[in-house]
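If you read the protein sequences in the order shown, they are chains A and B.
Numbering that gives the first Met the number 0 applies: residue 0 is where the first sequence begins, and numbers increase by one.
Numbering that gives the first Met the number 0 applies: residue 0 is where the second sequence begins, and numbers increase by one.
It is worth saying that the hints were derived from the structure and are not from the lab.
Just so we're clear, the structure is a prediction, and the values are computed from it rather than from any experiment.
A couple of the hints might just be wrong.
Identical copies carry no separate label here, and so any pair may be met within one copy or between two of them.
To be verified - Only pairs whose alpha carbons sit at most 20 Å apart, straight line, appear in this in silico EDC-like list of lysine to aspartate or glutamate: (1) Lys179 with Asp600; (2) Lys93 with Asp626; (3) Lys477 with Glu405; (4) Lys179 with Glu405; (5) Lys555 with Asp582; (6) Lys625 with Glu319; (7) Lys469 with Asp600; (8) Lys235 with Asp582.
Each chain, letter by letter, is given below.
Number of protein chains: 2
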Amino acid sequence: MLQRIILIVVLLAGTISAEEGMWTFDNPPTQLIQQKYHFVLTKEWLDHVRLSSVRLNDGGSGSFVSPHGLVLTNHHVARGQLQKNSTAQHDYIKNGFYASTPEQEMKAQDLEANVLVSTEDVTGRIQAALKGTESPEQQFRARESIIAEIERESTQKTGLRSDVVTLYQGGEYWLYRYKKYTDLRIVFAPEEQAAFFGGDPDNFTYPRYDLDMALFRVYENGKPIDSPNYLKWNPKGADEGDLVFVSGHPGSTQRLDTLAQLLFERDSALPIALPIYRDRITVLQRFSASSAEHEREAGSTIFFLQNTVKVLTGELQGLENPRIIANKKADEEKFRAAVTSNPELKEKYGTAWDDIAAAEQKMTSRLKETYFHSMDSQLNSLAVDIVEYVTEIKKPDGERLPGFHESQLESLRLRLFSPAPIYPDMEIARITGALHRDLNALGPDDPFLKIVLRGRTPEQAAAELVNGSKLQDPQVRKALVEGGQQAVGASTDSMIVLARKLDPIHRELIKWTQDNVESVEQRSGEQLGRARFALYGKSTYPDATVTLRLSYGQMKGYPMNGTVAPAKTTYYGLYDRAFSFNDQPPFNLPQRYRDGMKNLDLTTPLDFVSTNDVVGGNSGSPVLNKDAEVVGLIFDGNIESRLGDYVYDIESNRSIAVHTAAMTEALRKMYGAGKLVQELTGGAAGQP
Amino acid sequence: MLQRIILIVVLLAGTISAEEGMWTFDNPPTQLIQQKYHFVLTKEWLDHVRLSSVRLNDGGSGSFVSPHGLVLTNHHVARGQLQKNSTAQHDYIKNGFYASTPEQEMKAQDLEANVLVSTEDVTGRIQAALKGTESPEQQFRARESIIAEIERESTQKTGLRSDVVTLYQGGEYWLYRYKKYTDLRIVFAPEEQAAFFGGDPDNFTYPRYDLDMALFRVYENGKPIDSPNYLKWNPKGADEGDLVFVSGHPGSTQRLDTLAQLLFERDSALPIALPIYRDRITVLQRFSASSAEHEREAGSTIFFLQNTVKVLTGELQGLENPRIIANKKADEEKFRAAVTSNPELKEKYGTAWDDIAAAEQKMTSRLKETYFHSMDSQLNSLAVDIVEYVTEIKKPDGERLPGFHESQLESLRLRLFSPAPIYPDMEIARITGALHRDLNALGPDDPFLKIVLRGRTPEQAAAELVNGSKLQDPQVRKALVEGGQQAVGASTDSMIVLARKLDPIHRELIKWTQDNVESVEQRSGEQLGRARFALYGKSTYPDATVTLRLSYGQMKGYPMNGTVAPAKTTYYGLYDRAFSFNDQPPFNLPQRYRDGMKNLDLTTPLDFVSTNDVVGGNSGSPVLNKDAEVVGLIFDGNIESRLGDYVYDIESNRSIAVHTAAMTEALRKMYGAGKLVQELTGGAAGQP
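Put together the whole structure using the sequences plus the hints.
What follows is the structure, encoded as structure tokens:
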């Protein structure tokens with residue numbers, strides 16, 4: 000349920016500043032780009048870029064960069080898959096990985112790639128289905144039902160993954176169809192210390208010196224696919240002042256949540272969520288300290304949590320900035336006055352703001368349960384999914400819980416049956432930590448805790464739950480799912496037993512939230528979306544929704560901490576920062592970089608910044624020049640862009656990318672991966 | 000009069016945080032250092048460091064670093080003297096300077112060095128002289144008179160430069176005696192582009208990559224002096240975590256001005272001063288653009304002005320920070336309550352805050368004249384000094400204008416008769432700019448402007464004034480001063496004629512300010528100083544007063560812009576920043592650094608930061624280790640320390656220094672100055 004704080008989607012108010020926006024491909028900012036940069040986006044350009052862009056289910060973006068299915072993304076997007084393939088003997092995160100022959104390419108355990116092949120406006124169909132409904136709850140069910148129907152119908156007809164996407168707060172609904180790939184193989188990843196040099200301190204900051212790249216190859220039927228839509232590699236990369244594009248999948252923004260929604264996040268949600276994340280880090284750091292193998296096991300989770308804390312801290316600071324709240328308030332008052340002064344709009348949409356505010360107020364009454372009824376456990380999550388799965392698939396599609404609709408089942412199964420390792424010691428540590436946290440927050444009489452603990456200490460409960468479960472074996476999970484309600488009902492697996500007992504509590508909270516909060520947010524969101532179209536037309540972009548977007552901008556430095564940040568960094572800077580910190584972690588050089596320095600041209604551009612409007616989820620997006628050639632690889636935003644969920648500021652908002660010159664130089668001179676460079680640059684036939 | 004905004008001295012309230020403070024050598028923070036660092040400051044250590052420390056009249060600090068009178072300071076402190084020795088043919092600022100033989104050492108034209116040889120508490124004598132006086136004006140005159148007497152008496156008795164220094168807001172007065180040197184010769188300076196790499200943008204920021212050093216040698220009677228008190232050179236420099244000391248001459252702080260004084264600066268003085276400085280820069284940049292020679296001529300003045308604007312902008316931002324003002328208010332209320340609740344203190348000192356507030360209020364009525372009755376002209380300043388000089392020296396010492404007391408005359412004459420070049424074209428440009436500025440602010444009927452313009456345009460007046468004056472010739476100035484009132488009264492030199500006419504206006508404003516503002520600030524300041532001693536004893540340090548102070552601290556990084564700044568930088572970083580900006584000014588490398596890179600060990604520490612509490616005036620101060628060896632050279636503070644005039648914050652306040660390893664490496668490998676390194680390190684006999 001934690002996503003609530005970042006999944007609410009609302010419509011943009013006010014005017015758009017140059018470079019701002021994550022535009023859908025059906026409504027690109029053609030005029031704005033032409034006015035400022037005298038460049039004309041064509042349909043061919045857009046189609047080619049769209050079909051070369053990839054969404055990865057580990058929360059990032061990517062792109063095809065060769066005709067043989069080679070996909071470029073970030074090391075930090077690939078990190079989870081590297082972790083899942085690593086063992087105590089082979090640590091691909093620490094040492095990197097390079098498959099110098101096709102045979103060495105290493106299967107990712109549960110990675111899915113999506114390519115957006117078509118989109119279709121289905122707003123009319125959904126609005127029609129809502130006719131005759133009255134209450135938000137009725138509308139919610141009707142909407143769920145028609146969406147599931149559209150998705151299922153499309154899946155059956157096309158065989159493609161089909162998602163209905165809510166845009167403009169519900170002002171529009173679109174059906175997005177994706178070609179889906181589930182066999183991705185790891186081709187190349189540098190040492191984490193090269194990809195993530197500077198660690199958590201440097202994360203979300205600039206100047207930066209990171210080679211945050213990884214390469215996968217997409218297979219079908221045991222062979223690399225042909226990918227005729229791929230982006231050409233430009234090893235010279237971008238120069239200061241160049242117009243550049245980013246095509247990727249930004250996760251979520253709240254640029255025009257209502258004021259009530261932002262204040263809910265600031266005053267209620269984030270103050271609960273942040274300490275939980277911090278405590279989870281503490282628990283895992285303690286676990287890591289107990290052995291080198293534990294440290295390896297916990298690495299990716301700590302990385303993810305630290306990243307999240309830095310993001311949420313930035314969001315909270317943004318919301319605590321009086322200027323941001325004042326601007327939001329002024330925008331909302333203006334919009335509201337425009338609606339109220341028009342009798343027809345007022346009649347249709349005038350109560351939306353107050354309705355949302357009342358729903359947010361209601362939500363606060365059950366926020367503690369929402370956040371603290373949690374085990375922080377992979378085994379528990381799998382058990383909950385299995386218990387729900389066998390019940391849900393018996394229901395009509397439109398009535399199922401979110402995540403169990405027909406069109407979502409294949410992706411769900413990929414995750415449920417993933418062979419990725421689960422570490423029992425770490426599970427025990429995490430569950431123990433979570434239960435202590437829950438106890439402190441809720442007290443021992445909480446119904447959830449009573450069921451979980453049954454008089455045991457958190458330590459005892461965690462150990463017995465983990466040791467009494469066989470769910471780390473994907474075959475066991477498969478057998479339960481295939482055995483259906485009967486097998487699950489009869490299971491004595493400790494985690495399944497617990498999930499069965501918690502099921503009623505869990506379902507009650509989901510239903511309560513849907514009926515009292517989400518349904519209101521959806522209906523009122525739709526009203527605001529339509530009100531805005533009525534007043535301003537479709538002159539803007541929708542908030543981010545993990546769907547494909549195009550942003551434009553310029554490679555450009557910015558004012559920073561009293562001076563100016565350069566548009567790019569060089570390899571010299573990597574060595575400067577390492578030696579400035581006496582080569583101590585997280586600023587230590589990989590051995591390869593210490594030994595191989597003399598082979599590198601240190602003047603090579605390493606990372607660079609541009610004014611493109613990107614947020615989390617854009618990680619791994621290609622940076623493109625006018626010719627749709629890859630000139631960089633988005634991997635972060637600067638600290639000044641942490642307010643990006645709420646506002647975009649061209650003065651100092653910057654996306655950070657790895658420069659293609661640095662990737663080319665490193666592949667060739669540091670990693671002996673000349674064959675990959677050949678494939679990227681189209682010289683000779685490339686690797687496959 | 001611009002100094003008013005930075006010369007008011009008040010006493011520190013509240014408690015002192017670790018590392019805070021610029022301590023006088025009579026009251027060093029021995030206990031604080033012992034507690035935190037387990038190091039005991041001895042009298043021998045303090046005496047040795049004091050006698051090795053040098054004050055330079057160009058506004059900086061320095062230290063003896065060889066037994067042969069070699070003085071280390073910053074390039075930016077030496078910049079004025081380098082400019083004065085440069086010509087269209089020999090540009091020592093652009094190209095640097097190195098005297099590889101004693102004969103090549105080049106005389107600075109008007110540089111004075113002072114070494115503090117003794118100090119004496121004269122508070123009692125001054126308090127005695129004020130007995131029987133009543134009004135602030137009477138006290139002001141009595142104080143001026145006794146101070147002049149003490150200084151003259153000491154000068155006559157010892158032959159030493161003798162200054163009475165106001166400490167603790169007038170809680171104490173000390174007589175400081177200096178050995179004075181007026182023959183300094185330039186031995187070494189790097190190219191400005193090495194010393195000031197990054198220019199105005201990087202100024203007052205960190206990380207930094209500057210070799211901001213210069214070496215002078217002190218001569219007497221045509222020979223290098225013996226300087227038995229000198230600081231040993233440690234070429235390894237400081238390491239992260241080391242305890243380090245700074246001995247230098249911080250200019251001024253207002254850490255405990257009353258709230259009224261700070262608000263006066265924030266709301267009245269700085270809003271007038273800053274635009275004037277900015278306009279002066281614009282005028283000179285326009286002048287610079289007209290030819291390469293003009294650019295060379297204006298360089299040092301633009302440098303100084305840009306530096307000042309960055310300082311004052313920082314001060315204003317500090318004062319606009321509500322937290323700073325709130326803290327100040329709370330401190331003052333606490334102090335005031337303590338005074339008011341004690342009947343004796345209340346009777347003696349209780350009105351001080353209101354008296355100061357009333358004086359500041361009065362000052363605002365004449366602030367425009369104070370700032371705009373200015374010609375921004377060296378010739379005009381010299382003319383004013385000459386006209387006043389011949390009148391003032393006829394008066395009893397105690398009744399003269401500030402700057403004309405007997406003990407100050409030798410230093411004044413050094414400046415008046417300096418052979419440093421004055422550029423007529425630049426004078427015309429500056430005066431024209433100033434008069435336009437004055438006209439805009441005051442209108443054509445202002446009495447000052449009427450006298451200056453006499454119906455002419457600013458362009459005409461400026462040209463006629465400059466062309467009608469011979470004052471750029473130091474012999475002409477000398478003849479006027481030696482000819483006394485008669486010669487000056489008979490002079491038809493345009494600048495002298497103007498200064499005579501403006502003299503009454505000028506004197507009236509000085510007297511009005513003394514009688515209505517300065518006298519009140521001094522009396523009330525003394526009251527507050529005494530009140531604080533009565534309440535808290537002498538547990539603290541006085542605000543900075545361009546006198547010798549000791550600060551202690553630790554070489555240490557700090558949190559910066561979302562990540563951490565390292566304790567030091569390396570030569571790698573110089574090349575990174577240069578290539579990051581495509582080697583474009585102000586981030587271009589000197590040719591020597593492009594050609595000679597392969598000779599340098601790029602891992603050598605270049606600049607470093609420490610928690611020492613320093614402000615403007617500390618430029619050129621040595622950074623010392625426990626053994627009083629030089630390990631660095633202060634040249635700046637970070638952007639976070641720009642509030643240092645008002646507060647010190649150990650979390651992010653940092654001084655910035657050049658590392659001795661970088662200086663040693665550069666002298667040896669870049670500049671072929673191995674002989675200098677030998678002299679510094681005491682290997683062989685050194686240069687002289």
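Results for each hint:
1. Lys179 with Asp600: Neither, since 40 Å and 53 Å both go past 20 Å.
2. Lys93 with Asp626: Result: close neither inside a copy nor across copies, 36 Å intra and 43 Å inter.
3. Lys477 with Glu405: within (18 Å within a copy, 99 Å between copies)
4. Lys179 with Glu405: within (15 Å within a copy, 91 Å between copies)
5. Lys555 with Asp582: between (30 Å within a copy, 16 Å between copies)
6. Lys625 with Glu319: neither (39 Å within a copy, 45 Å between copies)
7. Lys469 with Asp600: neither (52 Å within a copy, 58 Å between copies)
8. Lys235 with Asp582: between (30 Å within a copy, 18 Å between copies)
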